[in-house]
Structures are given as structure tokens and as C-alpha cells.
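2 protein chains.
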Amino acid sequence: MALIVHKYGGTSMGSPERIQSVARRVAKWARAGHRMIVVPSAMSGETNRLLALAKQVSPERTTPELLRELDMIASTGEQVSVGLLAIALQAEGMAAVSYAGWQVPIATDIAYTKARITSIDDKRIRADLDAGKVVVVTGFQGVDPEGHITTLGRGGSDTSAVAVAAALKADECLIYTDVDGVYTTDPRIVADARRLKTISFEEMLEMASLGSKVLQIRSVEFAGKYRVPLRVLSSFTPWDIPIDEEARSGTLITFEEDEKMEQAVVSGIAFNRDEAKISLMGVTDKPGIAHLILGPVAEANIDVDVIIQNVSHDGRTDFSFTVHRNDYARTLELMKTAVIPHTGAAGLVGDDRICKVSIVGIGMRSHVGVASKMFAALSEEGINIQMITTSEIKTSVVIDEKYMELAVRALHKAFDLDQVPASA
Amino acid sequence: MALIVHKYGGTSMGSPERIQSVARRVAKWARAGHRMIVVPSAMSGETNRLLALAKQVSPERTTPELLRELDMIASTGEQVSVGLLAIALQAEGMAAVSYAGWQVPIATDIAYTKARITSIDDKRIRADLDAGKVVVVTGFQGVDPEGHITTLGRGGSDTSAVAVAAALKADECLIYTDVDGVYTTDPRIVADARRLKTISFEEMLEMASLGSKVLQIRSVEFAGKYRVPLRVLSSFTPWDIPIDEEARSGTLITFEEDEKMEQAVVSGIAFNRDEAKISLMGVTDKPGIAHLILGPVAEANIDVDVIIQNVSHDGRTDFSFTVHRNDYARTLELMKTAVIPHTGAAGLVGDDRICKVSIVGIGMRSHVGVASKMFAALSEEGINIQMITTSEIKTSVVIDEKYMELAVRALHKAFDLDQVPASA
Numbered sequence: 001m002a003l004i005v006h007k008y009g010g011t012s013m014g015s016p017e018r019i020q021s022v023a024r025r026v027a028k029w030a031r032a033g034h035r036m037i038v039v040p041s042a043m044s045g046e047t048n049r050l051l052a053l054a055k056q057v058s059p060e061r062t063t064p065e066l067l068r069e070l071d072m073i074a075s076t077g078e079q080v081s082v083g084l085l086a087i088a089l090q091a092e093g094m095a096a097v098s099y100a101g102w103q104v105p106i107a108t109d110i111a112y113t114k115a116r117i118t119s120i121d122d123k124r125i126r127a128d129l130d131a132g133k134v135v136v137v138t139g140f141q142g143v144d145p146e147g148h149i150t151t152l153g154r155g156g157s158d159t160s161a162v163a164v165a166a167a168l169k170a171d172e173c174l175i176y177t178d179v180d181g182v183y184t185t186d187p188r189i190v191a192d193a194r195r196l197k198t199i200s201f202e203e204m205l206e207m208a209s210l211g212s213k214v215l216q217i218r219s220v221e222f223a224g225k226y227r228v229p230l231r232v233l234s235s236f237t238p239w240d241i242p243i244d245e246e247a248r249s250g251t252l253i254t255f256e257e258d259e260k261m262e263q264a265v266v267s268g269i270a271f272n273r274d275e276a277k278i279s280l281m282g283v284t285d286k287p288g289i290a291h292l293i294l295g296p297v298a299e300a301n302i303d304v305d306v307i308i309q310n311v312s313h314d315g316r317t318d319f320s321f322t323v324h325r326n327d328y329a330r331t332l333e334l335m336k337t338a339v340i341p342h343t344g345a346a347g348l349v350g351d352d353r354i355c356k357v358s359i360v361g362i363g364m365r366s367h368v369g370v371a372s373k374m375f376a377a378l379s380e381e382g383i384n385i386q387m388i389t390t391s392e393i394k395t396s397v398v399i400d401e402k403y404m405e406l407a408v409r410a411l412h413k414a415f416d417l418d419q420v421p422a423s424a
Numbered sequence: 001m002a003l004i005v006h007k008y009g010g011t012s013m014g015s016p017e018r019i020q021s022v023a024r025r026v027a028k029w030a031r032a033g034h035r036m037i038v039v040p041s042a043m044s045g046e047t048n049r050l051l052a053l054a055k056q057v058s059p060e061r062t063t064p065e066l067l068r069e070l071d072m073i074a075s076t077g078e079q080v081s082v083g084l085l086a087i088a089l090q091a092e093g094m095a096a097v098s099y100a101g102w103q104v105p106i107a108t109d110i111a112y113t114k115a116r117i118t119s120i121d122d123k124r125i126r127a128d129l130d131a132g133k134v135v136v137v138t139g140f141q142g143v144d145p146e147g148h149i150t151t152l153g154r155g156g157s158d159t160s161a162v163a164v165a166a167a168l169k170a171d172e173c174l175i176y177t178d179v180d181g182v183y184t185t186d187p188r189i190v191a192d193a194r195r196l197k198t199i200s201f202e203e204m205l206e207m208a209s210l211g212s213k214v215l216q217i218r219s220v221e222f223a224g225k226y227r228v229p230l231r232v233l234s235s236f237t238p239w240d241i242p243i244d245e246e247a248r249s250g251t252l253i254t255f256e257e258d259e260k261m262e263q264a265v266v267s268g269i270a271f272n273r274d275e276a277k278i279s280l281m282g283v284t285d286k287p288g289i290a291h292l293i294l295g296p297v298a299e300a301n302i303d304v305d306v307i308i309q310n311v312s313h314d315g316r317t318d319f320s321f322t323v324h325r326n327d328y329a330r331t332l333e334l335m336k337t338a339v340i341p342h343t344g345a346a347g348l349v350g351d352d353r354i355c356k357v358s359i360v361g362i363g364m365r366s367h368v369g370v371a372s373k374m375f376a377a378l379s380e381e382g383i384n385i386q387m388i389t390t391s392e393i394k395t396s397v398v399i400d401e402k403y404m405e406l407a408v409r410a411l412h413k414a415f416d417l418d419q420v421p422a423s424a
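Chain order of the listed sequences is G and Y. In this text, residue positions in the first sequence follow my numbering: the first is 1, and each later residue adds one. In this text, residue positions in the second sequence follow my numbering: the first is 1, and each later residue adds one.
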């Protein structure tokens, strides 16, 4: 008998019929002997409807006082969901009870609309589980030290589910969503992209550009911190498929290095075409030059991703970095007005038609030559590499965006990602 | 500088524009130097929408567990309202904060969907008022001793407003609604029905059949218990009418006997055509006969209103009572199966085409001949009286329903209710 947390997204909760279907699926798990906690999102469209009402009343949304009220309003979407799901479970003959975040309580800091969970009291939930009840807990929300309602930001219900699983020491947290797992890369680009049965927590974080379509990245960080086994699986399978089959479906995100996981060197190909590249040519290479260039960018609240500085020749170097495309024009302007006058750069070059392609794999730690294999595969396709960065389990290249699909397909093939790897 | 509670119904909160209008009205009062608490209802239609969702998920609504979840769901309508109103007030430049019932807290018993308020903690609200904030509190809901959300039943926001006013010792509680006050009788029946400037708490209770269209009767009882001055006034006046004019409008429900109130003998004519009459003829007149007849009715959870037992002749009496028309058929059946076999009644007569017309007035206490004047007025119109009951400040007659309008008009005229009475 395991303690299991289920999380259902807004689409799964989108109508009374779908809520009944969720209830039947949960009841199936409970009848199989599991202790069940369910964290549903608001019905699809509900959070947007509520925030639109608020915007009609007052278009501004800046002060903490206003953000507090937005949380008061937005949190009701999940409260309705938990009540409806508890009723649907009762109609299925299950004992069930719902709780809003403040009733558990799920304690957070005071950062309205983007609060972080600080602690979860497990007593109330545990007492209900002991009494044989299915416990339905609101996602997305908590309560601050002063008793004000807070919300965790968009997608926060994933984080709520993982946090509740961590607090209750659940055996597994199942995230039901509209995709059936994590893939080696985007199946819309590579037709034979393969669903991974397992992926490590660290790989999942690096796969963020893919993973963010599946899981809120904060929920993965939370799962990593508290070592909560997390499974992403489809909410579109019929509720009455055999429970053993369902329990093995999707992708398991693991934290046990020694678990029998797929031992591919590279687990997936991630990509991102939201970035733009900026290069300062012939900058005087002196101590503090990086800060001189990026300081004004940071002050303007612009995130920098890749940063490259080459070795210098004749006391001069080229300095390149990438920012989000939305910040491209603003960053170029900053270079002209606030940076070049102080650095004596010989030239400024920008390009917003680039993309970043990454190979991700925990096996890269112990295998040499992985990066060279990547560069060779790209070279064979005649793709020029503009920038390279590496981390322990990831190698990223920046290339012309027109080659993106080609590069992803070439790398997917070069690393045999269409093949199921042999178990270790 | 007074402490004032405003209560707004669902129609007043029905759209973002209307909420902005409420905010401007409240801001006008606050700028005039008053300390303001506002209790808004859910946006019109919202509670019905939420309960309809629940019904679609599970048509049954019987167990306490299910009722608990209904309260979880239904309470969100008011939570959205308070958040939106607080934002609208902030947009008007007012410091404002909203609270759900559990945050105040407004403590109730555990009777889900029809809970009663047991106490209200005034500390949090008072601290915000002291800090110069407008405090917006959810109506309709509270929290039970175990921390579960409860609701007070339909129209409960009136009661919430009065309870908050009582707890904070407010100087006046203003109920903004879609009628502009309490009338001598229904203006749809008597064209020259007159709005009362004041009405006593006891009269208001007796005028329930009129008053229930204006105020939830429990809120009047609550106001009476805690002596909260209550004013019913229109939410349809422009928000920017002069505050002095607004403060004198509507009808004030008072608790001070010695206040300068209108000293009419009769204040209003109430009527009710929801009842049906049942008579048992020739019942053996023995001790306990009333219980023998009405015991089975009470056990079937049927409310009895008027009860009449005449003096007996030859050891036999006639026993009559009225019930709600919806319970008429069931009550007749009960008489046949569970009562007549034990009472030996000679006959059973029922009539569901009756109505009850009442004259109400605190002045009846000190004036004789009021009832006779009523009977005379009806007699002049050829209206036969079927039953009579009296209380200290009310005389009611049961008549054929076809005479209802005629009777109301005749009594309105007989007691000069179209004339403004001289002040005492």
C-alpha cells in the first residue's frame, strides 16, 4: 500500500464530465489499496476569467496591496475545483474531503502572485488518510505568515503537488497532463522521437526548453531537493485502463543514480529559438571588462544566457552573449549608449536569427568525445557553429536558426536516440 | 466620524462597471470622514452557477460531507467579490483590504449551507480601520470550530453585514438593495403605498412577508438582538448624490422606543398567499388533542403557521391550522392516515385558495379597537373572515385568496396609510 499524489491540469478538470472521469481514475487507485492525495488545477479558462475581471476593474497591477487582492481572487478557481472533485469522489462511493491551501496549511512567503512554499503541515492530511479518506488539496496557493492568501504563479499546481508529496513522504507523485511523457526531443520536429521511460532529475532540468512544456521547472527543482519520485503521464488514457499499465506509463523522473535507468550517453536534444546574439569586437582586454559590458544589462533587468569571451590578441578580445529576443533591440541600444563609450570596442554585431541546440545526458559525465561527436554531426550537414558552451551534462551550440530542425534531426540520429538503449 | 457598514447585493456587484460604482460610493463615505466596512454579495448569478456545477457533478445533496463541499464551492463567489471591490477601491485612491470569513474570523456552528454565526473577532478589522483602510469582508460565510468553511444560506450576506456591524459596534448598517425602502404595503397592489421613514424592529419582523423581499429576516432578528441601527436604501441612486441626502434615504429600522418615529397605530399591511388551510371538524375535545393532531405534522418536518381551536360543544371541537401550500397534499394525507383514526374527527376540510392579510403596528399595544376597525373595513367590502389570530403588534385574518388585493387596499385606506402621520 503506497501513498500516492495525483496532479490533474485544468484541461482534465475542464467540465463536470471530465471531473467525474478524474474521480473514477482516483477511485480506481484508492480501491487498489493506495492512500490517495489529489491536487487539481482550476477548471481550464477559470484563472484567466478571474484575472480578466480584475483587469476590468483596475488595469493597473503594481502595488503589493493590489497583488494581494489578485491572489484572493485567483485562488478561488482551485477552491471550486477541489470541492467539485471531492463531491465527484463521494458520488463514486469514496470518502473524500477537500482543503484550500490555508486549511492544510501550506505556508508560503509573502510574495503575492509568485510566492514560494516554506512549509506544509502534514497533520490534517495524514489524519484524513488514516481515516480512509481521499484528500483533495488546492494547487497554486498557500497562506503567508499573516494569514493572507498567496498564489505560486502560473503552473504552480505542479509545485504544490510535489511539495505535498514531499511533506507527506509520498511514494510517487503522478502529474497527469496532455502529453504522455518526456521525449528525446520534440516529436513535431523529429518524427521518431522516443518517449523516455526514465530521465534523471538533472537531465530534466537541463531539458527545460522541452520540459517546460510538460512540467513547471520549479516543481522539478522541488522534487530534486526533496527526492520525490515524479512521473509525467497522459490524462487522456481511459480512466479504467488496468492500474498496473497506468503505473508504468509516462516518464519517471528519478533521483537514484544507481537505479536501473536507461544508460544512454545522451538522453535528449533540447532547443530554443527565443534568443538573440550580441558581439562586441576588439574590446580592450582588461580586468573587469565583463562587468563593464554586462553590468548595464543586468541593471536593465535583462537576463543573459550564453556568455563567451575568447582569448585575446594584441590586448584586444571579442565578447559575445545572448539575451531573449524581446530584449534584443534594447540591449543593442544599451551597448551603444552605455558600454561602447567606456570599452573602446572596434565593432558591434548583433543577430536575432539564431537558435541554441543542446545535447543533454547524465552519461556525458563519464564519456569522453561526446562533444566532438556533436560537432562532427553538425559539420557533416554543413552547419556552422557560432558559439559553444558546456556544462557537466549538457553541450550547447548557437547556430543560424534556419538550420535548427536539420541540426536537431542530425543529432537525434547521431546519438541513436530513436533506439531504445540497453539497460545497464 | 462614524463607523459605518455598507452591504451591497449581487445586482450592485453584477459587473466590473457596477463594482467601480460601488467603490466610488464607498469612497465618498470614507472621504466624508467615516470609518468604512463593506460587505458585498457574490456577483449576480455566480452562486447559482457554482451550485449548478456541483449538481452536474453529483445530483445528490444530502450528506454532511457533501454539504461541506458545497460550502467550499459556493463561498468562492463572495471571495471574488471582495477582492474585486478592494481593487476597485484602490483604483479610487483608497487604502483597502479584503477578508474572507475565515480570515476575520467570522466563527459559525457546523451546520453546512445554513450555519449560524457564533462570534466575530473584531481585532483584525479594527486594526485596519485604525490604519485608515476600508475593510471589505465576505458576506454569506464563516468558518466552523474545526476550520471548515461554512455558508449562512441564501441571503446570508445581510446577516453577515449586521453581525459585523454588531461586533464592531457600528453606528449604522446600510443595506443597499434594489428597492428604496420598506413600504406600508406592496406598491404593486396599492398604488399609493408609502415608503416608511422608520419602522420598529418588531414591526419589521412582523412585516416578514413584505420584508423578506427586502431583508433576510434573520438579519433583522440579529439586528434586534444586538441593537444595530439598520437602514434599507436603494443601490440605484447615482453614486455621487450628496451624502447627507443618501444618509437620510430609505427606511431606518430602529430599536429605540423613545426615538422620534412615526407614531401611526398601524404601520403596514402584510399579506401572504403561500398558505393552505386544513380543518378537522368535530374532534373529541380531550387533553393532548392538539399534540395528537400536530405531532405527526411536525414529525414530517412540515411548518404550521396559524392554529385555531374553538371552544367545544358537547365535548367536540373544530381544529384548524395552516401550512405552506407545497405541503398541503402531504398534510391532508397525513390527517387521513395518521390522525383521524386516533381522534375520531367527524370531518376533514381543506382549502388551498386562501390568503393571510395582517395589519402590523407597534401602536396597537396602546390602542384599543384596532382589530374591530379591521374587521369592520373587511365587512364593508363583503369579505368573509375564515380565521383570526392576533399578537401584541399584529392582527391577521385568513380570507378567500380572491379578495386579497381588495382587502389590502381597504385596510390601507381604513388606517390612513397613504397619509404621512404627525410626529409624536
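The hints are simulated quantities; they were obtained by calculation from the structure and are not laboratory data. Note that the Cβ used here is the ideal one computed from N, Cα and C, for glycine as well. Hints should not be assumed to be uniformly reliable.
To be verified - Covered by chain G, per the in silico footprint, the following chain Y stretches (three or more residues, Cβ under 8 Å):
| # | stretch |
| --- | --- |
| 1 | 63-74 |
| 2 | 96-106 |
| 3 | 381-388 |
Claimed, not checked - Selected chain G positions facing chain Y (Cβ under 7 Å, derived; list incomplete):
| # | residue |
| --- | --- |
| 4 | GLN56 |
| 5 | THR76 |
| 6 | GLY83 |
| 7 | LEU84 |
| 8 | GLN103 |
| 9 | ASN384 |
| 10 | ILE385 |
Hint check:
1. For a cut-off of 8 Å, the count of residues in the stretch 63-74 of chain Y with a CB near a CB of chain G stands at 8, and the three-residue condition holds.
2. Counting residues of the stretch 96-106 of chain Y whose C-beta sits closer than 8 Å to any C-beta of chain G gives 6, which meets the bar of three, so the coverage hint holds.
3. With 0 residues having a Cβ less than 8 Å from any Cβ of chain G, the stretch 381-388 of chain Y misses the three-residue criterion, and the hint is violated.
4. The beta carbon of GLN56/G is positioned within 7 Å of a beta carbon in chain Y (closest approach about 4 Å), and the interface hint is therefore held.
5. Checking THR76/G against chain Y: minimum C-beta separation of about 4 Å stays under 7 Å; hint holds.
6. Satisfaction of the interface hint for GLY83/G is found here, the shortest Cβ-Cβ separation to chain Y being roughly 4 Å, below the 7 Å cut-off.
7. For LEU84/G, the shortest C-beta to C-beta distance to chain Y is roughly 5 Å, which falls under 7 Å, so the interface hint holds.
8. Interface hint at GLN103/G: satisfied, since its Cβ lies 6 Å from the closest Cβ of chain Y, which is below the 7 Å cut-off.
9. Hint on ASN384/G is violated. Least Cβ distance to chain Y is approximately 53 Å, over the 7 Å limit.
10. The beta carbon of ILE385/G is not positioned within 7 Å of any beta carbon in chain Y (closest approach about 51 Å), and the interface hint is therefore violated.
In summary, the numbered hints that this structure violates are 3, 9 and 10.
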